[in-house]
Amino acid sequence: MDHDEETWLEGWRRGDEAATRQIFSRYYPRAVRIGVLSGLGPLDAQDCAQDAFVQAYERRAQLRDPKAFPLWCHRIVTRRLLDTLMAPSRQRELASAADPQRADPVSLAPPADELVLLAEEREEIWRWVQALAPRARTAIVLRYYADFSTREVANMLDVREGAVRVILHRAIAQLRELAHETARREPSGATSSQP
Amino acid sequence: MRADTSRDHKTSEQMSQQTSQEEHALRAALRAYAAGEVDTQAGWEAVAPRLTSAGVGISTQVRRRGPLAGVSRGVLVAAAVVALVVALAGAGVGAAYWGGIFSGPKTQLLLDEQLFTTIGQRQTVDGVTVDIDKAYADLGSTTIILTITAPYNRGGRYSNVIANHITITDDAGNEGLFPGYACESFKHDSLFHHDSVERCLIDTSPFQPPAGTTALTLHVEIGELWLFRATDHEREILTGPWRFAFSLPFHHQNLGPAAPVLEPATRTPDANPATKTP
Chain A
126 MDHDEETWLE
136 GWRRGDEAAT
146 RQIFSRYYPR
156 AVRIGVLSGL
166 GPLDAQDCAQ
176 DAFVQAYERR
186 AQLRDPKAFP
196 LWCHRIVTRR
206 LLDTLMAPSR
216 QRELASAADP
226 QRADPVSLAP
236 PADELVLLAE
246 EREEIWRWVQ
256 ALAPRARTAI
266 VLRYYADFST
276 REVANMLDVR
286 EGAVRVILHR
296 AIAQLRELAH
306 ETARREPSGA
316 TSSQP
Chain B
115 MRADTSRDHK
125 TSEQMSQQTS
135 QEEHALRAAL
145 RAYAAGEVDT
155 QAGWEAVAPR
165 LTSAGVGIST
175 QVRRRGPLAG
185 VSRGVLVAAA
195 VVALVVALAG
205 AGVGAAYWGG
215 IFSGPKTQLL
225 LDEQLFTTIG
235 QRQTVDGVTV
245 DIDKAYADLG
255 STTIILTITA
265 PYNRGGRYSN
275 VIANHITITD
285 DAGNEGLFPG
295 YACESFKHDS
305 LFHHDSVERC
315 LIDTSPFQPP
325 AGTTALTLHV
335 EIGELWLFRA
345 TDHEREILTG
355 PWRFAFSLPF
365 HHQNLGPAAP
375 VLEPATRTPD
385 ANPATKTP
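Protein sequences, first through last, are from chains A and B.
Just so we're aligned, residue 126 is where the first sequence starts under my numbering, counting upward by one.
Just so we're aligned, residue 115 is where the second sequence starts under my numbering, counting upward by one.
Mixed in with the good hints, there may be bad ones.
Unchecked claim - Below, a sample of chain A positions facing chain B; criterion: calculated Cβ distance under 8 Å:
| # | residue |
| --- | --- |
| 1 | 168 |
| 2 | 182 |
| 3 | 186 |
Source of the hints: derived by calculation from the structure; they are not laboratory data.
Note that the coordinates shown come from a computational prediction; the quantities given were computed from them, not determined experimentally.
A virtual CB, placed ideally from N, CA and C, is assigned to each residue, including glycine.
Build the full structure now, drawing on both the sequences and the hints.
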């Protein structure tokens with residue numbers, strides 16, 4: 126956390142508009158992206174991130190150490206995200222979205238420096254990740270996109286660190302299994318996902 | 115995450131290397147998928163009024179912009195409005211007009227009291243259908259509920275649709291000003307339908323028919339539909355127009371505007387392109 130952010134957080138705690146806006150600008154995009162990666166539609170992800178930010182604002186008196194803000198804020202985002210993902214209506218939407226008959230998978234447009242994988246490979250991995258259970262998917266996103274440690278992910282998911290390791294291990298195993306299934310269906314290896 | 119069927123015979127070092135490769139691939143895929151721009155400005159405009167209601171001094175004087183502006187950013191603002199109102203949505207696609215954009219007090223009252231007039235007009239242009247479902251007019255505003263339907267193989271590529279260049283006029287040529295506009299995002303639900311459906315609500319300034327008039331004839335024209343995906347701004351612009359003309363009872367009472375579409379952040383009292391003829 127840099128000095129500017131510490132200053133903004135002090136302002137945010139006082140309810141200063143400019144500081145609050147700075148904090149919002151810094152954390153909102155990432156929260157939206159975490160939501161999208163975890164399986165929400167873009168609008169739902171924005172909604173979720175906005176709700177979380179409002180909630181954080183309302184509870185800011187509970188934050189004693191501003192340095193703890195990033196983890197604390199993402200914890201609120203994660204809770205809101207999981208509430209949305211686990212809602213019964215959402216489960217139905219996800220089931221629909223995972224429908225293999227669903228037409229026209231979205232095309233991705235990564236920046237040039239992210240062209241490590243072919244687009245087909247990324248889409249395949251993306252589909253596999255979306256096939257995970259919501260909690261496992263969120264854990265994967267927090268760990269491998271947001272780069273939180275397993276301890277931090279445990280804090281956000283409100284479970285023990287060991288449990289997170291198990292969740293991640295099983296999720297990776299499931300992804301691996303999905304890769305095997307795909308390879309069996311397409312023995313030519315046309316969709317191999319090795320970097 | 116390479117599908118290597120010889121995994122059972124690997125040494126622990128090989129497995130560790132494989133895991134590292136898998137994690138690398140996973141990171142790359144996730145980062146690529148998260149590469150789309152997030153419109154922080156639109157997000158802030160949606161959040162700032164809520165922070166005000168949280169009781170502290172965040173100004174609501176956010177920059178107001180037309181949700182229907184004919185530029186990409188304007189479309190994204192509209193998307194943020196959609197995000198805001200969709201926050202209230204609890205109903206699925208089967209629950210036609212409850213929750214979400216239809217949860218404002220006036221709209222709910224109109225639905226409860228069955229004051230809407232069923233219009234049931236449909237226009238299809240370039241495969242995308244607009245249905246004017248219901249409408250209501252009084253001294254407070256004119257409210258129109260419509261449904262936009264895109265074929266599954268097309269709508270499935272986009273997250274929502276924004277109507278652009280909306281004009282609403284009466285028989286005398288008076289134009290409804292500043293139409294507030296909000297939609298729920300595209301719904302894809304194999305249980306109910308495979309097509310992509312978005313339900314929208316337009317609320318415009320009231321028309322002033324002569325005293326004693328009991329009916330109002332409206333001409334609604336939608337110049338463009340912008341199918342777009344918020345994550346990477348990919349969009350497809352369909353040029354209409356979708357034109358409708360219908361009559362409905364005029365209620366000589368003032369129930370006010372049909373919130374939530376006329377929230378301050380969604381109104382644009384000046385130079386809203388949506389009020390202009392395309």
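Original post:
What hints, given by number in increasing order, does this structure fail?
Top reply: 3
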